[in-house]
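**Q** Quick one: dock chain against chain with the hints and give me the complex.
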Amino acid sequence: MSDPANKDDSGLSPADYETFCTYLRERTGLSFTEAKRYYVDRRVAERMAAVGADSFRDYLNLLRFQASGEELQLLVNLMTVNETYFFREKYQLDCLVNSALDEVVRARRPGSRVRIWSAGCATGEEPYSIAIMLLEYWKRVDEFEIELYASDIDSRVLARAREGIYEERALHAVPQELVAKYFTQLDSRRWQIMEELRESIDFSLVNIADPKQVAGFQSFDVIFCRNLLIYFDDLGRRQAAAMFYEALSPCGFIALGHSESMSRMSSLFVPRRFPDAILYQKPQT
Amino acid sequence: MALVKPRKPVEPIPTEDGGDPLLRLEDADPARRRAAAHALGGRADAVDALAKRLPREQDASVREALLTALVLTGTADAARSILPLLASEDVGLRNGVIESLQQMPAAVVMPEVAPLLRSDDPDLRIFAAQLIGRLAHPDRLPSLIGVLERDPEVNVCLAAVEALMEIGRPDALPALERLATRFPDDPFVAFSVDAARRLFSGP
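Chains as they are written, first to last, in the UniProt record's numbering: chain F, 1 to 285; chain P, 1 to 203.
The following block holds chain P by itself, in its conformation from the complex (with noise of 0.2 Å):
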């Protein structure tokens, strides 16, 4: 035994006509729901039918390929249909939503989570804070600095400073600053606040 000749070719299995994969997403069997979401992956007209399925949706594996497939089709559609799951209880779900989000164009995606930014919930503030540090985009820079000189939130600002130090921008240092001022009895302000002027030093 041992090393055999692996049995030459690795032939295609034969894939089950199943129909259409709209109506597959409904189907009890996982494989045969994560098959069908990425048969729908870049099909505008599925995007209901995959933002709809996403929060009922229990088996991981299904869950990845019902984002890939958003992700895929990437249009604005795609992004206004799956920004409600930042509001969802399911970490998973929501952490999902956020790194499909970040590799959707930016371009597409900034639009439509900009406005978040003014949500009164502020706990979408911080997830909009996040994923917009995370768009290469030319008004990343001014959303996350509006944040830090008009959100009353201290927990919503800190996102943002994080971000900040993320996209590595020393002429975001001012407005950090002026941060420290709105929040002066803030240690946590503070600690990051000295942690971007360290940062933003440079070695």
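The following block holds chain F by itself, in its conformation from the complex (with noise of 0.2 Å):
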């Protein structure tokens, strides 16, 4: 129940705060203490804007009987996004390597380009563990001349993605085989990927929700945009799907976030189920 008496401008009543958290960790375990305030309360507020909810009563009656329970869901995708590391969501990765970019080079020359993009690469995990898994796991890695493209509208993230430093937490899914190859461990803590990585990624500054500033993005192969579009509103969602559309190769492939679904964004591009994963496709025509 809204407790307007005790509410403050900066998001829920105290008493609503509660009452959404006991909610949230019984549906879903999930548990935030008074500690994640400003984090529920901005996220929560995001999603009572974007489904038109006057009052977090009827915010909560929405999460609570929705017959699909989509909007819980949308709602945990956005609490649960947490910092990246290096081979998340690897199944993606290796469809990449296992069966996507067999099928783009099938009617290529050897010595031909295939570009990938990384949109929304943040601090740089997503395009090295991609770097990663084509040197290591694509038997056809030296038949072509692959680039990697990586964006982001966050220059500050960027700066350090072209830096390449992290720490342990975000090569807990790396091999120490691979972490031996590809970095060089600065002191106890950090580790530098390899320059020649560093060198061979092209990091732009990009917001993609710009028509101008994507204009240049053409003839990708792969694109990998995961977990970025759920910051988006449904045209949001709509637009980008188009600029992905344009900026793609036909036969090109999209790779979105596990919790993430084209066909709710956009009727262009068609559902490709592989061993690994389903990608999404723009048709030949």
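These are computed hints drawn from the structure, not numbers from a lab.
All of these numbers come straight from a predicted model, not from anything done at the bench.
Just to be clear, a hint being listed does not mean it is correct.
Claimed, not checked - Subject to a maximum C-alpha distance of 30 Å in a straight line, what follows is the list of computed BS3-like cross-link-like pairs (lysine-lysine): (1) 90/F / 5/P; (2) 139/F / 212/F; (3) 181/F / 5/P; (4) 212/F / 5/P; (5) 90/F / 139/F; (6) 212/F / 52/P; (7) 181/F / 139/F.
**A** Now the structure itself:
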């Protein structure tokens, strides 16, 4: 029940916050203390605005009673986006090297280009993971010239990506032999990705919602855009999908985060089920 | 070979000056029609041209761009221009129209869609109920409850039940119970109302 008398302008009232946290814990196991107040308030406010809920009570009713449970899933997705790490959602990277790239190059001559874009690359774990996966596990890697682009809207995280220095938490999913092969240990806590990899990726400051900034992003074979579009509204996702459509070559692929579905954003792409993962493909024509 | 330094920078490909994008909507090349539609997004003076192209457009990517352009415009004219396509036999187009109307401002769309609940065509009333269920608008609940209480066609009422269950408003339960008394012999109504009862009793 909303408690207007006790509500401040910055978010939920204390009673509403407790109600919300109790509900979320019972339904999902996710637990948020008072210390996470700002984090929770901001995301609940975003979702309330997105669905047009007039009050917290209306929004809680939607979470509790919506037949499809879609809103609860969306909220959980927002609440669980943590800092990224190397080889996150590795099944999609496996899909890239085991299936998608072989299909991309099927009709290409050796020596031709393959272009991959990591959109929303944050501090660089994703594009470096792609690079390592290609070098280690794609059998035809030496037959083609592979261009790897990475972009983000945040210049601070891009600077960190270019620097390529990570702590152990970011590397926990990387096999030890690959850490030894591709990283240099700087001190007891930090590792830096090797210079050759840092220099082989083009990091750019790009707002994917700005058509002028993405106009030059063309002829990509694979785009990774994982856990980025969850921050967009429906129209923003639809426009982003249209932009990726223009950026991809015919039959190119796009990989979304595990909780995202292209069919809810746009009808432009065809889902393709591979042994390791589902990707979305731009049709031939 | 393997990883190579990308050819920096990614230069924007010069866009061909094809004149007025309104004229290019009829170009033979789908890529040029799509680019024209993108360029016309948000332009109130392009609503008629975009809407007229839609039912004739066979390329799915251009159709998507036409609809997106109209959503970006987001005016009552834009909403009104695609409402007749709810009656299209083309399921893909119809679904695209419903999704697009849902993405326009609810305050703009609701006054245009609500009258369809009184259409003579029950299919149109079904689509209207589905769409209204997705509009974040204060009239949504009373409109759907009005369907439950007055619409003579059971399938329209069931569409409203489904929409109400998706909105997640337990205060609709009394109206749902009354619907069960309006169609006492219809097993689908009994099933749906029972499902709503169970849903609204809450986790």
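**Q** Next step is simple, just say for each hint if it's right about the structure.
**A** Here is what the structure says about each hint:
Distance hint between residue 90/F and residue 5/P is fulfilled; the C-alpha atoms sit about 24 Å from each other, no more than 30 Å. For a cut-off of 30 Å, the pair hint linking residue 139/F to residue 212/F is broken: about 37 Å separates their Cα positions. Of the supplied pair hints, the one linking residue 181/F and residue 5/P holds, its CA atoms being roughly 20 Å apart against a limit of 30 Å. In summary, the hint linking residue 212/F to residue 5/P is supported, as the alpha carbons are separated by about 23 Å, within the 30 Å threshold.
In summary, the hint linking residue 90/F to residue 139/F is supported, as the alpha carbons are separated by about 18 Å, within the 30 Å threshold. Simply put, residue 212/F and residue 52/P have alpha-carbon atoms about 28 Å apart, close enough for the 30 Å limit, and the pair holds. Proposed proximity of residue 181/F and residue 139/F is supported: the alpha carbons are some 18 Å apart, at most 30 Å.
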